Amino acid sequence: MKYISTILLCCVFSVYAHAQSLDKLFDSTAIGHTKVRDTYKSTRIVQGQSTEMLRKHELDFRVTHRFGDAGGEFGGTKTFFGTDNSTDIRIAFEYGISDNLMVGISRSKGSGDLQQLYEGLVKYRFLQQTTDNHVPVSLAVFGNAVISGMPSATDKTSAAYFEDGADRLMYVAQALISRKFGDRLSLTLAPTYVHRNHVAYMDMNNMFALGGAGRLKLSKRIGILAEYYYPFRSQESKDYFKSAKGISFYNPLGLGLEIETGGHVFSITFTNSTAIQESQFIPETTTSWLQGQFRWGFNISRRFTLFGKKDWKK
Amino acid sequence: MTRIKLFFMACLLLAACKNEQAPAPVSGGVDCDAAHITTATVFAIIQANCTSRGCHPGGNAPALADFSTEAKLKTFINANRTVFEARVTGPQADMPQSMSFPALSQGIKDSIACWIAKGLPDQ
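So the protein lines, in turn, are chains W and D.
Heads up: the first sequence at position 265 corresponds to 265 in this note's numbering, and the numbers run straight through without jumps.
Heads up: the second sequence at position 15 corresponds to 15 in this note's numbering, and the numbers run straight through without jumps.
By construction, these hints were calculated from the structure, which means they are not laboratory data.
Worth double-checking, as some hints may not be accurate.
[Said to hold, decoys possible] Between beta-carbon pairs, the in silico distance windows are:
no. : chain 1 : residue 1 : chain 2 : residue 2 : range
1   : D       : 107       : W       : 103       : 39 to 45 Å
2   : W       : 151       : D       : 121       : 29 to 35 Å
3   : W       : 235       : D       : 15        : 30 to 36 Å
4   : D       : 21        : W       : 218       : 25 to 31 Å
5   : W       : 193       : D       : 72        : 44 to 50 Å
6   : W       : 246       : D       : 19        : 24 to 30 Å
7   : D       : 107       : W       : 149       : 22 to 28 Å
8   : W       : 288       : D       : 82        : 15 to 21 Å
[Said to hold, decoys possible] If you want a taste of the chain D side facing chain W, the calculated C-beta under 7 Å gives, among others:
no. : residue
9   : 13
10  : 16
11  : 18
12  : 19
13  : 20
14  : 22
15  : 24
16  : 51
17  : 91
18  : 103
19  : 105
Since this is a predicted model, take the numbers as computed values, not measurements.
Glycine included, each C-beta is placed from N, C-alpha and C at the ideal position.
Isolated chain W, as found in the complex (with noise of 0.2 Å):
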């Protein structure tokens, strides 16, 4: 595992510097080459990242809620659909250290085989797309660890039951290319990798997954959201979970409506995952929209500018 870590570093590394050659490539910030903004308004689609980053010196203050089953066994009037149960909380904050760097830290609820979840983030942007097509995309990559805090189950066959520390880490590395199409359209495509570090008996410590989504703006202010991810589980994993627990899983699939007011970005979501980070809604995934087991949820986001907007006028 050392020599895997070893290689991941090197790899941030090399990204990093070919990053730079890549800037100087597609120097966006030549006269003539525009960059095209708001490819969406948020630094997050649905559940996942975008492309989209926090200014210099922005703070973004964030909650992130996702309610219970809103149809099913467990939804319905009696819950009204789902409003009486939250089934993860999130709130972070996040900055911009750069117009291409931001940072943040968060605390979740959590909603899977960890909870009491401690969060940080890094994302770069080291391509964005220009309206000449010098550069056809925007490019980020995204990383977090998250620590559970939660205390240790007594069972030791549980996801949960921790030996030490290092148990209740999990990690996130994602890749996300996206482009505008015209006024109206933007696509991305995010490639992902999450590890968790101890998993249940026949769970998966190490799962890639890819993701798709995009937003159909319908007015200014107002735009339509979709996400999906596909993780690639292995059979026998699956398998494994269906015959021993009767547990099925199934691929994050969201919705959303995003809604810009002035200072604000107002996401109201539906999504069949229960969890709000990616360590846990792309591998722990129980829940199926055909059973009514989706859930309403909603995304604020509110920036603030520290140190005054004098970066902002460069």
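With chain W held as given, fit chain D onto it using these hints.
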């Protein structure tokens, strides 16, 4: 300097990477035919895992699931047995949720399921 700090933080996080899988689960070890599980036993489990930190207290949300007394617990299970089994003792059980409550062990789940299967006996 900031880059060096970030580099060391990344090193530290990546160094903590490992691949570990929990051992295969075995049965909770509860022989339901022989076990003598009473309402008092289960209510003690419920108090320790479901009501001691402000959840299911009765009066407050979720008012539907009031486990504040043995009688109310039994009333709820009698009226909502399928839901209770699915969320507490079933394979996809999601209770207790967070609030610093650890997950129930398979043995405890099996004990509660056994008590329900036998008709919620007091003695």
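How the hints compare with the structure:
| no. | hint | verdict |
| --- | --- | --- |
| 1 | D/107 with W/103: 39 to 45 Å | holds, 43 Å |
| 2 | W/151 with D/121: 29 to 35 Å | holds, 31 Å |
| 3 | W/235 with D/15: 30 to 36 Å | holds, 32 Å |
| 4 | D/21 with W/218: 25 to 31 Å | violated, 47 Å |
| 5 | W/193 with D/72: 44 to 50 Å | holds, 48 Å |
| 6 | W/246 with D/19: 24 to 30 Å | holds, 26 Å |
| 7 | D/107 with W/149: 22 to 28 Å | holds, 25 Å |
| 8 | W/288 with D/82: 15 to 21 Å | holds, 18 Å |
| 9 | 13 | holds, 5 Å |
| 10 | 16 | holds, 4 Å |
| 11 | 18 | holds, 5 Å |
| 12 | 19 | holds, 4 Å |
| 13 | 20 | holds, 5 Å |
| 14 | 22 | holds, 5 Å |
| 15 | 24 | holds, 5 Å |
| 16 | 51 | violated, 17 Å |
| 17 | 91 | holds, 4 Å |
| 18 | 103 | holds, 5 Å |
| 19 | 105 | holds, 4 Å |
Comparing the model with each earlier hint shows violations of hints 4 and 16; every other hint is respected.
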